[in-house]
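Colleague: So you can see what is in the structure, the chains are spelled out below.
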Amino acid sequence: MAGVANTWGYGAMTNSMNDIRHSKLVFMLGSNAAEAHPVALQHILYAKEVNNAPIIVVDPRFTKLAAKATDYVRIRPGTDTAFVMGLVNEIVSNGWHDKDFIQKRVAGFPEMVEVAKHYTPEVVEDITGIPASEVKRIARLLAIHRPGTVVWCMGATQHSIGSSNTRALCILQLVLGNMGVSGGGTNIFRGHDNVQGATDMCVLSHSLPAYYGIKDGSWKHWCRVWDVDYEWMKSRFHSKEYMNKKGFTLARWYQGVIQEDKISQYTPIKAVVFWGCASNSQSQYHKLKKALDKLDLVVIIDPFPTMTAAACEKDNVYLLPSSSQYESEGSVTSSSRQFQWRFKVVDPVHDSKEDYWIMDQMVKRFGFHDKFYKNIKKIPDDITRELCKGSLTIGYNGALPERIKKHTLHWETFDVDTLQAKGGPCDGEYYGLPWPCWTETHPGTPILYDISKPVAKGGLPFRARFGTEHTYWNGRKENLLAAPGVYNPGSEVKGGYPEFKDIVPGTNWKTDLSQKTIKVAISKGMAPFGNARARCVCWNFPDQVPVHREPIHSPRPDLIAKYPTYPDKKDHYRVYTKFKSEQKPELVKKFPYVLITGRMVEHMGGGAETRSNKYLAELAPHMYAEISTRLANNLGIRDGEMMWIESPEQGKVKVMAKVTDRVDDKTIFMPYHFGGMFMGQDLSGNYPDGCRPYAIGEPANIVTNYGYDIITQIQGTKEGLCKVEKA
Amino acid sequence: MASKKMIKSVSKGGLAHVSSSRFTINPKLARRSFMKIAAATAAVAGIGLGPKAVRGLRAEEKKDAYPGSKIVRTVCTHCAVGCGIKAEVQNGVWVRQEVAADHPISRGGHCCKGAGAIDMVTSEKRLTSPMKRVNGKWQKISWKQALDEICSKLLEIREKDGPDAVHWNGSAKVSNEMAYLQRKLAAFWGTNNIDHQARI
Numbered sequence: 001m002a003g004v005a006n007t008w009g010y011g012a013m014t015n016s017m018n019d020i021r022h023s024k025l026v027f028m029l030g031s032n033a034a035e036a037h038p039v040a041l042q043h044i045l046y047a048k049e050v051n052n053a054p055i056i057v058v059d060p061r062f063t064k065l066a067a068k069a070t071d072y073v074r075i076r077p078g079t080d081t082a083f084v085m086g087l088v089n090e091i092v093s094n095g096w097h098d099k100d101f102i103q104k105r106v107a108g109f110p111e112m113v114e115v116a117k118h119y120t121p122e123v124v125e126d127i128t129g130i131p132a133s134e135v136k137r138i139a140r141l142l143a144i145h146r147p148g149t150v151v152w153c154m155g156a157t158q159h160s161i162g163s164s165n166t167r168a169l170c171i172l173q174l175v176l177g178n179m180g181v182s183g184g185g186t187n188i189f190r191g192h193d194n195v196q197g198a199t200d201m202c203v204l205s206h207s208l209p210a211y212y213g214i215k216d217g218s219w220k221h222w223c224r225v226w227d228v229d230y231e232w233m234k235s236r237f238h239s240k241e242y243m244n245k246k247g248f249t250l251a252r253w254y255q256g257v258i259q260e261d262k263i264s265q266y267t268p269i270k271a272v273v274f275w276g277c278a279s280n281s282q283s284q285y286h287k288l289k290k291a292l293d294k295l296d297l298v299v300i301i302d303p304f305p306t307m308t309a310a311a312c313e314k315d316n317v318y319l320l321p322s323s324s325q326y327e328s329e330g331s332v333t334s335s336s337r338q339f340q341w342r343f344k345v346v347d348p349v350h351d352s353k354e355d356y357w358i359m360d361q362m363v364k365r366f367g368f369h370d371k372f373y374k375n376i377k378k379i380p381d382d383i384t385r386e387l388c389k390g391s392l393t394i395g396y397n398g399a400l401p402e403r404i405k406k407h408t409l410h411w412e413t414f415d416v417d418t419l420q421a422k423g424g425p426c427d428g429e430y431y432g433l434p435w436p437c438w439t440e441t442h443p444g445t446p447i448l449y450d451i452s453k454p455v456a457k458g459g460l461p462f463r464a465r466f467g468t469e470h471t472y473w474n475g476r477k478e479n480l481l482a483a484p485g486v487y488n489p490g491s492e493v494k495g496g497y498p499e500f501k502d503i504v505p506g507t508n509w510k511t512d513l514s515q516k517t518i519k520v521a522i523s524k525g526m527a528p529f530g531n532a533r534a535r536c537v538c539w540n541f542p543d544q545v546p547v548h549r550e551p552i553h554s555p556r557p558d559l560i561a562k563y564p565t566y567p568d569k570k571d572h573y574r575v576y577t578k579f580k581s582e583q584k585p586e587l588v589k590k591f592p593y594v595l596i597t598g599r600m601v602e603h604m605g606g607g608a609e610t611r612s613n614k615y616l617a618e619l620a621p622h623m624y625a626e627i628s629t630r631l632a633n634n635l636g637i638r639d640g641e642m643m644w645i646e647s648p649e650q651g652k653v654k655v656m657a658k659v660t661d662r663v664d665d666k667t668i669f670m671p672y673h674f675g676g677m678f679m680g681q682d683l684s685g686n687y688p689d690g691c692r693p694y695a696i697g698e699p700a701n702i703v704t705n706y707g708y709d710i711i712t713q714i715q716g717t718k719e720g721l722c723k724v725e726k727a
Numbered sequence: 001m002a003s004k005k006m007i008k009s010v011s012k013g014g015l016a017h018v019s020s021s022r023f024t025i026n027p028k029l030a031r032r033s034f035m036k037i038a039a040a041t042a043a044v045a046g047i048g049l050g051p052k053a054v055r056g057l058r059a060e061e062k063k064d065a066y067p068g069s070k071i072v073r074t075v076c077t078h079c080a081v082g083c084g085i086k087a088e089v090q091n092g093v094w095v096r097q098e099v100a101a102d103h104p105i106s107r108g109g110h111c112c113k114g115a116g117a118i119d120m121v122t123s124e125k126r127l128t129s130p131m132k133r134v135n136g137k138w139q140k141i142s143w144k145q146a147l148d149e150i151c152s153k154l155l156e157i158r159e160k161d162g163p164d165a166v167h168w169n170g171s172a173k174v175s176n177e178m179a180y181l182q183r184k185l186a187a188f189w190g191t192n193n194i195d196h197q198a199r200i
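Top line first, the protein sequences correspond to chains A and B. Sequential numbering from 1 applies to the first sequence in the numbering used here. Sequential numbering from 1 applies to the second sequence in the numbering used here.
Chain A with its partners taken away, still in its complex shape (with noise of 0.2 Å):
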């Protein structure tokens, strides 16, 4: 997401899942929609069949969706950066480009291009694998029918370069001239019900609610909204130092246990707190599970015991049964930036307590309950109301609770192929008011960077986030705003301007509480944001422009002389993250295949709850690895047996053989979503009695490698190396 953030201004999807029903294309990578996000495929298949949309997915593996494609590309795992700006070569070569779009709102165009260049159809094809025919082929499809869609997931992020790959994809459609327009997009499928929600109240160690990054004048906003005085604040942290430096992620906080990697915090960590998130989808779990075991105390919020429960085997361990998402309420924001209102069906079962409950217990027990419920008397309302009087980056000011509760109580009313109400008490508002919904009476924002409509009618010009002038490395300046003649309707300029600040002194649009600012720019048809270019050249990036480097750990040695990852990052999140350090050429002798992971339509993120559902668990009970007929028989390997697999950092797993050509001949897939096993060992008899889930198995985490995007620090499950053999 930081490189969406990045290109145009907000890290989120930017069309919706019902409009792809007007895209003429539909272009996937590293997503598996139809065990993912099976719904959304109707909107697809929709585009697929009424406007003869070409369905191209781009995947290692031939997945589900792939059988639901018009075609398919097998692209070898962690080189899809080369393909794609492969594919804005070929593009720009032939002189298919949206010259009128780039010339008018997008930044950088020349240096990127010159960049691209190098990514031939021939070097692709050596890259990644794909023909050099085919990649021809796609971009001809891509510039044939458009306006088309571009979607990933996990498949496109999880990797060193995750945040090169997104850019690409960013820049593959600005080059098309396919972003601000129905149909068009990057529509990024989100995994988790909320993780758009969590992610826009920043649930992330390196940012505050709505992505006021932690500095200062952040610090000082929030402070506001939360009437606390800012020197409070500062006296709850270690040190200033420590207020303002982002802390340990999902990804990497057991090093700050184990510290098998220099930490640069003044303390290790010595106790965990897991509310309502599972253990078994992190990487290198075997060093995970080590790190459990060391620490004072690990807490785990969960309706289920999870297999952080199993994994426990001292007594630091603490369950708390909270009630399910189904027994408490609030809103939650779907991929499409919606937000819903989760009503709560039943009252918690069992003895399990609301989150909001075990919150203002532990709070009460912290000693700042006064501070932190100042505001909030209902719940979960008034939380609603806090958390929008300050979220004004992404415009969640205007989606109060009653007004989110209405859309979820009128939802017939809304209409499925634009998504606005016709008629009824939500008339002419989009459902779910998709944000930035910027007042109380705006209907929500249903395309980003739509110019077509006023602003005050759900329109927006690309975010004016990254300064008004840029020097390239080549000498040329450029003026970062959108181009004279670009405006949405109504606006009082005609052409780009800056964010708006100083309405109220001192303030700016994210920071006036009066939201003034915001309502002056929306009266002048303006974006509180400004009016912008979107940017194919990150200078704040380690690579301003996308280009390949090689998976740490990589399958082809000839290659990482080429293509070498960047050097080692010292403070990365707290912790030494090794990159170049990592990439051994002769690793790939030992541990010859590629592994990556994925979704299962029956399971769900660690499994925890799908496990422990008896229907899913018994339409899917199996831990299993997809390995090719060849390389089963190569291996004596029959459907069914077991098998051992192998990781460099000596994380292995016991899992069943499933011989399929869903995968090639060197690559290893596994579902993520197993627990209650560890390493050929059974861990039943560590759950509280009667909790163990129906369906057990080893977590494919145990063999997942090392490997770390270089900014966002995620996780690179879909590119390490394995060992197979029969067990």
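To be clear, the hints were calculated from the coordinates, so they are not data collected in a lab. Ideal placement from N, C-alpha and C gives every residue a C-beta, glycine not left out. A few of these clues could be false.
Claimed, not checked - Keeping only pairs whose Cα atoms sit at most 27 Å apart, straight-line, the calculated DSSO-like set for lysine-lysine is: (1) B:K70 <-> A:K378; (2) A:K314 <-> B:K144; (3) A:K389 <-> A:K494; (4) A:K374 <-> B:K144; (5) A:K240 <-> B:K153; (6) A:K589 <-> A:K666; (7) B:K86 <-> A:K422.
To be verified - Distance windows between CB atoms, simulated: (8) A:S684 <-> B:E156: 52 to 62 Å; (9) B:L155 <-> A:K262: 54 to 64 Å; (10) A:G636 <-> B:E156: 50 to 60 Å; (11) B:D64 <-> A:G690: 32 to 42 Å; (12) A:K524 <-> B:D64: 48 to 58 Å; (13) B:E149 <-> A:S684: 25 to 35 Å; (14) B:E156 <-> A:W473: 51 to 61 Å.
What the hints assert, rightly or not - Just a sample of chain B residues kept apart from chain A, beta carbon distances all over 10 Å, derived: (15) K62; (16) P67; (17) D119; (18) R126; (19) D195; (20) A198.
Dock chain B against the given chain A, drawing on the hints supplied.
Modeller: Just chain B now, with coordinates in the frame of chain A:
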């Protein structure tokens, strides 16, 4: 006696497994009303109550709502598409779920996970009380004891090692309100060591 047996069989999933009707056991609210349903079902079926006393719904029962029930609109928890669910609730018990054919995104579509949403509440594998591990064995404890012990240990670590000695892993499965409180809690605790599934 017979009713008790029936409840046991239902709570072990016997009824739900065979029949298309499903019952939620909510011990606080629903025991009495549930027994009524169980008795009525058995009477209509004209068979004795026992572990095998289950049957499919009759046509009129499929068509009609459970007497006095209400429909609660809610949202599926298994991915970010945002599918609608209509939950049929009778006397505080989630008795049946329906697709939401009029939902603008899902339009009646459900995957197998969404179709099994009700089992989040009915699953027998749910934790039923707070627990701690003592000498390698799980021990049930009260909420008060659990929260007192956890919070005093956390405060002790904060005092001794500093606020950054605690790492918080929050969630992409909770509401915006709860996710927001999780981030706010880390801030008030005095650390940026907080993260969630969006990172991975």
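Colleague: Checked against the structure, which of the hints given earlier come out wrong?
Modeller: 3, 8, 9, 17, 18, 19, 20
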